[in-house]
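Engineer: Its first residue numbered 1, the sequence shown is counted upward by one per residue in the numbering used here.
Mixed in with the good hints, there may be bad ones.
As the list claims (entries may be wrong) - Distance ranges between label pairs, derived from CB positions: (1) S236 / T138: 41 to 49 Å; (2) P258 / D223: 52 to 60 Å; (3) N251 / A28: 19 to 27 Å.
It should be emphasised that the hints constitute simulated quantities derived from the structure, not laboratory data.
Every residue, glycine too, gets a C-beta built ideally from N, C-alpha and C.
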Amino acid sequence: MTFSIVARSADGLAHGVAVASRFLAVGAAVPAAEAGVGALATQSYANLAYRPQGLTLLRTGTSAADTVAGLTAADPGRATRQLGAVGTAGDGATFTGAECHEWAGGTAGDGYAIQGNILTASDVVAAMEAAWLSGAGTAPLAERLLAALRAGDEAGGDRRGRQSAALLVVQHAMGYGGTSDVVVDLRVDDHTAPVDELARLLDLHALYFDKPDPARLLALTGDLADEVRALLGGPSGDLDAALASWAGVANLEERMVPGSIDPLVLAELRRAGG
Numbered sequence: 001m002t003f004s005i006v007a008r009s010a011d012g013l014a015h016g017v018a019v020a021s022r023f024l025a026v027g028a029a030v031p032a033a034e035a036g037v038g039a040l041a042t043q044s045y046a047n048l049a050y051r052p053q054g055l056t057l058l059r060t061g062t063s064a065a066d067t068v069a070g071l072t073a074a075d076p077g078r079a080t081r082q083l084g085a086v087g088t089a090g091d092g093a094t095f096t097g098a099e100c101h102e103w104a105g106g107t108a109g110d111g112y113a114i115q116g117n118i119l120t121a122s123d124v125v126a127a128m129e130a131a132w133l134s135g136a137g138t139a140p141l142a143e144r145l146l147a148a149l150r151a152g153d154e155a156g157g158d159r160r161g162r163q164s165a166a167l168l169v170v171q172h173a174m175g176y177g178g179t180s181d182v183v184v185d186l187r188v189d190d191h192t193a194p195v196d197e198l199a200r201l202l203d204l205h206a207l208y209f210d211k212p213d214p215a216r217l218l219a220l221t222g223d224l225a226d227e228v229r230a231l232l233g234g235p236s237g238d239l240d241a242a243l244a245s246w247a248g249v250a251n252l253e254e255r256m257v258p259g260s261i262d263p264l265v266l267a268e269l270r271r272a273g274g
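Please construct the entire structure, taking both the sequences and the accompanying hints into account.
Structural biologist: Take a look at the structure:
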């Protein structure tokens, strides 16, 4: 009832899951990931116990293939299950039970596993794999996962239609303020175009939570400093402190760099000031 991809980044530091389905709040059921450990997706007649159990196995160094084999072998309902997993190294692994609704199947390779059931055709999985492989080394993991999910959606996706989608990415200390391992955790629970909506949310996430590109930072001096001070209402004190205070209210604090301003922050400030 779902199509998904589980994968790790090219450098092996990040792991994540992207999933879409004609199912309410698919993000509440399918994905699981742990920084430095791996990721998995449980679907079809999902066994949600696979999530903690699978991460436990991966945490001990069990390969993705052995994790999938162990979980499904111990499950009397395995014929109705679908499962994908990826660890910190090697190939991902995917499993499709013999009683999953057609079309159902999956594919796996170095650092990824893709699977789906009740799909329009096998083309969905093939399109996802092609999109994933074409993005190697060119984009952050969240963007690559979303690109693969979009390719599956455009190839037909769930043959019953569209309802929900989710994206989860983890990496050690790369979440908000460096205090979390959760880099991206976005869900579209009930929407007529959930993958498109997920893409919109990821764009907003990048604005609010990505770190600024050092090469694009603008020195907060001269005419630019005067403009920023005026847009902030003419504070007489420290400009960095005044800008940081405004950014905290605007939810742009992750883009603050003392002595500089991110062009995206400047655009938001000008928009607010205008």
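Engineer: Using the Cβ atoms, figure out if N251 sits within 19 to 27 Å of A28.
Structural biologist: holds (25 Å)
Engineer: Is 41 to 49 Å right for how far apart the beta carbons of S236 and T138 are?
Structural biologist: holds (46 Å)
Engineer: Kindly confirm whether 52 to 60 Å is satisfied by the beta carbon distance between P258 and D223.
Structural biologist: With Cβ atoms ~19 Å apart, the hint is violated.
Hint compliance for this structure: hint 2 is the single one not met.
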